[in-house]
Amino acid sequence: MKRNYDVVVIGAGPAGLAAATTCGNARAKTLLLDEQPAPGGQIYRSIERPAIADREVLGPDYYRGEALVRALRQSPIEYVSSASVWQVTAEREIGVSVSGNSRIVNAKHVIIATGAQERPFPIPGWTLPGAMTVGAAQILLKKSGIVADGAVFAGTGPLLYLTARQYIRAGAKVTAVIDTTPARNYRRALSQGLGALSGFKYLRKGWRWIREIKAAGVPVIGGVAELRVRGEECVSGIEYRSNQHWTTLQTEHVFLHQGVVPNINLTMSMRCEHAWCDRQMCWRVVTDAWGGTSLPGVMVAGDASDIGGAVSAQHRGTLAALRVLQRLALIDKRTRDSAAAPHLKVLTAEHRFRLFLDVLFTPDEQFIEPQDRQTLVCRCEEVSAERLRETIAVGCQGPNQLKSFTRCGMGPCQGRLCGLTVGQMLATQLARPMADVGYYRLRQPVKPIALGELAALAQPEAAATAPASYSKVMSS
Amino acid sequence: MFRYLQGCRGQRPSVAITIDGVATEVPADETLAAAMLQSGRLDLRITPIGGKPRSAYCMMGVCFECLVTVDDQPNQQACMTPVRPGMRVERGRP
Numbered sequence: 014m015k016r017n018y019d020v021v022v023i024g025a026g027p028a029g030l031a032a033a034t035t036c037g038n039a040r041a042k043t044l045l046l047d048e049q050p051a052p053g054g055q056i057y058r059s060i061e062r063p064a065i066a067d068r069e070v071l072g073p074d075y076y077r078g079e080a081l082v083r084a085l086r087q088s089p090i091e092y093v094s095s096a097s098v099w100q101v102t103a104e105r106e107i108g109v110s111v112s113g114n115s116r117i118v119n120a121k122h123v124i125i126a127t128g129a130q131e132r133p134f135p136i137p138g139w140t141l142p143g144a145m146t147v148g149a150a151q152i153l154l155k156k157s158g159i160v161a162d163g164a165v166f167a168g169t170g171p172l173l174y175l176t177a178r179q180y181i182r183a184g185a186k187v188t189a190v191i192d193t194t195p196a197r198n199y200r201r202a203l204s205q206g207l208g209a210l211s212g213f214k215y216l217r218k219g220w221r222w223i224r225e226i227k228a229a230g231v232p233v234i235g236g237v238a239e240l241r242v243r244g245e246e247c248v249s250g251i252e253y254r255s256n257q258h259w260t261t262l263q264t265e266h267v268f269l270h271q272g273v274v275p276n277i278n279l280t281m282s283m284r285c286e287h288a289w290c291d292r293q294m295c296w297r298v299v300t301d302a303w304g305g306t307s308l309p310g311v312m313v314a315g316d317a318s319d320i321g322g323a324v325s326a327q328h329r330g331t332l333a334a335l336r337v338l339q340r341l342a343l344i345d346k347r348t349r350d351s352a353a354a355p356h357l358k359v360l361t362a363e364h365r366f367r368l369f370l371d372v373l374f375t376p377d378e379q380f381i382e383p384q385d386r387q388t389l390v391c392r393c394e395e396v397s398a399e400r401l402r403e404t405i406a407v408g409c410q411g412p413n414q415l416k417s418f419t420r421c422g423m424g425p426c427q428g429r430l431c432g433l434t435v436g437q438m439l440a441t442q443l444a445r446p447m448a449d450v451g452y453y454r455l456r457q458p459v460k461p462i463a464l465g466e467l468a469a470l471a472q473p474e475a476a477a478t479a480p481a482s483y484s485k486v487m488s489s
Numbered sequence: 002m003f004r005y006l007q008g009c010r011g012q013r014p015s016v017a018i019t020i021d022g023v024a025t026e027v028p029a030d031e032t033l034a035a036a037m038l039q040s041g042r043l044d045l046r047i048t049p050i051g052g053k054p055r056s057a058y059c060m061m062g063v064c065f066e067c068l069v070t071v072d073d074q075p076n077q078q079a080c081m082t083p084v085r086p087g088m089r090v091e092r093g094r095p
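Going down the list, the protein sequences come from chains D and U.
In terms of our numbering, the numbers along the first sequence are unbroken and rise by one, the last being 489.
In terms of our numbering, the numbers along the second sequence are unbroken and rise by one, the last being 95.
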């Protein structure tokens, strides 16, 4: 790694790969930093070395990533894996940790492509060993070829059926798929005008998948309005309520999913402007059509900006790169605009389809705001819904005050698994809109970094000899 | 119980690590979290406040539920740590 770059891209999923490759191929001095050990992001994880040889298991959408990663390998850019970015300042000084050593690199332009995370799913028992996200189960499948027999998949969103079907095709036993998509969502989604056509095709694909899942002898249970994961030290089952009737399924593994939301910790900590999005029920960084944020030289591309899926992310990565290349005077405006046109065309169609998906998979309030008093909202600091409601009731006005009073959001995940829930609870109880409630005031470092590593930054030549015994500092 | 699919374990080279003092062989290109989960136990740490067991939740570095001690260094994210030969891992404790 050098000290200075034209462009630093953060994240090697579809958006970051497309952005970095486009920049590199146009002779911009480009660095691609990625937290994971191999390129592909979550959607194309382990694409260069999938654990499963049979391509029918993961399906053709997964293998779209091959071309992207091949382009990366043929591009003259510097790519550093297992690199954890813990800081980006408004002046675009990037703090990055690799193998326990940190350094600062400077960039004329930064493209943030840190993707999405799964929406918090605070139901009783979601903290028990044996309960994990559907995304986590899929990562184990893609990267390692590891499965758990007898699992229950529960929730809503495209990933639910996709992963259940991959599990069945891989030869794993599945106990059931529990679908919490409210019936009204289907009606609302199909009335989305232009989006409904691509949406209808999607529904047809979804129905085919459900038929395939049922044909494997796996019950698909719809219309579920409430869920509880049961167990003492680990998961022993899941209970669901459908038509006022509770049913229990025995299982040691519950995979939960209710859509994905942008990873906002980095852009929030940089004080980029953000806005609440009612349609996707999440905070989003405010960008122009190219992905430019309120900070000069800072772009955001892909699901880190708003949820559009892998295809959209790839095109938005290219758009951000074209804008950067023009700013670097490596291409002129006309070249930029003509190169951008086909990408914008695809994005228009993708966006219509996304409107449909957003409506279809809007989570029910039941599942974004815990109904049960004992349910933990903050997994790190073990703060229950009841404790939060009591604190709000005595006059607590916002997420930061709530954090000071209860430690909610103060643990190592830095609010990633409770921030949206806390905002929703405040909004409901105070009868205020989410935009008004706001979000935690996030600070850097956005990833834990050893104190010794930070200290070694002051004397760059000593960085390599920083004592390894410093424990990681959990920032708050 | 997590298990390897048929054909997904065989050909990969192994490394020896110890999990809570117990020697075990795991694929050399595995993350520590995957290695620990397939070894049979789901709980990766005990919480500092309630003393409750927790396991990996997101497997992608977001949730910090899989914090373990690696070669005496506490609070390492098992899902983000590749296994290395001779690695000593202990479940996370307050």
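In case anyone wonders, no lab produced these hints; they're calculated from the structure.
Mixed in with the good hints there might be a few duds.
Across the chosen pairs, the derived CB separations fall in these ranges [what the hints assert, rightly or not]: (1) D:G184 / U:S15: 20 to 26 Å; (2) D:G184 / U:R89: 43 to 49 Å; (3) U:G51 / D:K121: 17 to 23 Å; (4) D:K214 / U:I47: 44 to 50 Å.
None of these values were measured; they are calculated from a predicted model.
Here a beta-carbon is modelled for each residue, glycine too, at the ideal position from N, C-alpha and C.
Hints, verified against the model:
1. D:G184 / U:S15: 20 to 26 Å: This hint holds: roughly 23 Å between Cβ atoms.
2. D:G184 / U:R89: 43 to 49 Å: violated (34 Å)
3. U:G51 / D:K121: 17 to 23 Å: The hinted range 17 to 23 Å is violated for G51 (chain U) and K121 (chain D), with Cβ atoms some 48 Å apart.
4. D:K214 / U:I47: 44 to 50 Å: Since K214 (chain D) and I47 (chain U) have Cβ atoms about 48 Å apart, the given range 44 to 50 Å holds.
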